[in-house]
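Number of protein chains: 2
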Amino acid sequence: MSDLPKRIVIEEEGPREGFQIEPGPVAPADKVRLIEALAETGLERIACVSYVNPRRVPSMADAEQVAAAIRQKPGVRYSALFLNRQGLERAMAGPLSVAGTMGITASDTFARKNLGKSVEDAVVEQRGSIALLKERGVKIDAGYVMGAFGCNYEGELSTATILQRVATVLAEAEIAGVTLNTLKLTDAMGWATPASIQRLIGSIREKWPDLEITLHLHDTRGTGLASAYAGLRMGVRKFDASVGGLGGCPFAATKGAAGNICTEDFAFMCEEMGVETGLDLDALVECARLAESIVGHPLPGHVMRGGTHTAVRAATR
Amino acid sequence: MSDLPKRIVIEEEGPREGFQIEPGPVAPADKVRLIEALAETGLERIACVSYVNPRRVPSMADAEQVAAAIRQKPGVRYSALFLNRQGLERAMAGPLSVAGTMGITASDTFARKNLGKSVEDAVVEQRGSIALLKERGVKIDAGYVMGAFGCNYEGELSTATILQRVATVLAEAEIAGVTLNTLKLTDAMGWATPASIQRLIGSIREKWPDLEITLHLHDTRGTGLASAYAGLRMGVRKFDASVGGLGGCPFAATKGAAGNICTEDFAFMCEEMGVETGLDLDALVECARLAESIVGHPLPGHVMRGGTHTAVRAATR
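Residue numbers (this note's numbering), protein chains in the order written: chain A, 4 to 320; chain B, 4 to 320.
So here's chain A without its partners, still in its complex pose (with noise of 0.2 Å):
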């Protein structure tokens, strides 16, 4: 009867995109236990630190330290993200996984912001860590395209742009000599509307039927349960959300930076619609609890204030 998929995969970016941008510093055994927490959840995919530049993103200075300190519960892939061949290299050098994916920025402007260089340049350098990833035997078959559905700094973005740049990170997959199987599209700035998720997905799927879209949501302007529904009708499986709604991107020239898609409250939508997602939303309400009392101040998550549906449940039936 309905037209959304069975099940999905819940990917966790709170500790990575969480902490961030967070304004004081946070400990790196906090982190840990934020992460640890996470998973006991069912969550089998935890984003936990990125290897960027500390003197441009201060609180993951303290990397290397997170990722050796986690005790890693088998069936879980913690993973790191790096932006570049330095980044790729410590990665490389820790305990986490280091997942192959190549892709590209949408918007010149955030590049130059967020990697330091334009798009092409990027592209370019970008060759030095596939080289890497190969020859340390490491799979890439995932793609990306980055603000994929606006830019803060440039405004709209053509759908023959994001075309263009999917045809791009496929050229460069072919050069590397590896098959993409998907492709995230990510929203860093908070573009995406249900119209416009529903509209790009499409185009997509017309040029590239085989290609698995995934989905990168952020919520800054409370468009992002009502365009992750949108990605589930057009029969997106996998997410990646934050607990607490925990983060957002330093980059982004947003005031109030928002983080991704709630974990929690996407979870209780898709359970409360018939979608599994294999978690169990009260220990997930607790890890939100935990983020915020980390953080010291309020998360945007709702379900951890307004309640999951659980003791009512067990109440009245």
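Treat each hint with caution, since some may be false.
The list cannot tell twin chains apart, which means a pair is met if one copy fits it or any two copies do.
What the hints assert, rightly or not - In silico lysine to any residue, SDA-like type, Cα no more than 20 Å apart, as pairs:
1) 116 - 315
2) 116 - 318
3) 116 - 314
4) 137 - 184
5) 142 - 32
6) 116 - 316
Hints were generated in silico from the structure; no laboratory data involved.
Use these hints to put chain B onto chain A, whose structure you have.
Quick look at chain B alone, frame taken from chain A:
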């Protein structure tokens, strides 16, 4: 190309729904200031006060004073809520618009908490209000079902139960000799999901295809805009919303009682998708900031922090 309505109407509920939950007192002059600012944003309907028992809702004790002080702008309908004959008599004695509505509560437990009586007793008692409305020449054309998507006390409510409630409202309309053109589904306890919106509206339409469905959604669990989007896809063209996300129902048994979907976030999403609202987004954001300064704590609205796209579009076009 789009399957969404070309134009919708948003009724502002912030002053009425919003202020009733505030723990501290809100000065009548501040309420009036917000109402008058909202009237400058393009909103054509603003719910201003509730004529309810001041012992149960102390923040509405000033309803008469607020209603009298509003400088009404032509073309804007300033309305008042009433829940029983006594409230209706107060509303009729005042300068605000009295809506000709009749309805029912879905859950018996919620009816007892919210109205102080059973569903059946409330239906019978409502006949007095209907008689008075008719006597005074107020056209009764709008029905409603309160708490149509689930109950924090009773849990799920079956579609069959809700269809039965709708049938009762329509039977009462027939007894009263009036025709209901619209049926508002309200969700003060925040149980709606995109899937239940689609399912319930679909079921009601099947039985009563000529009844226009309108939605009053709360964002208790973060699914508000996703559910509103599902409503848009079902062709719903009238929505209640609350500036800044102000408010919440004091009797909904939600610890963090959440307000209606946020007016400016919803209007932003609609406009971005090409659904006209007739509203000035930046003026609405200013109203949300005013509401925040009046209540003295952060409100949940996103666009007032994330920003509209007005400036970047002006800069890049």
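20 Å Cα threshold - placement of residue 32 relative to residue 142
neither (31 Å within a copy, 65 Å between copies)
As a check of your reading, is residue 137 near residue 184 (CA-CA no more than 20 Å) within one copy, between copies, both or neither?
within (16 Å within a copy, 66 Å between copies)
Using 20 Å as the alpha-carbon threshold, which applies to residue 116 and residue 316: within, between, both, or neither?
This pair counts as between: shortest inter-copy Cα distance 19 Å, intra-copy 48 Å.
As a check of your reading, is residue 116 near residue 314 (CA-CA no more than 20 Å) within one copy, between copies, both or neither?
between (47 Å within a copy, 19 Å between copies)
Cα distance capped at 20 Å. Does residue 116 pair with residue 318 within a copy, between copies, both, or neither?
Answer is between; shortest inter-copy Cα gap is 18 Å, intra-copy 52 Å.
Can you give me the call for residue 116 and residue 315, within, between, both or neither, at a CA distance of at most 20 Å?
between (48 Å within a copy, 16 Å between copies)
Against the hints set out earlier in the document, a violation occurs for number 5 only.
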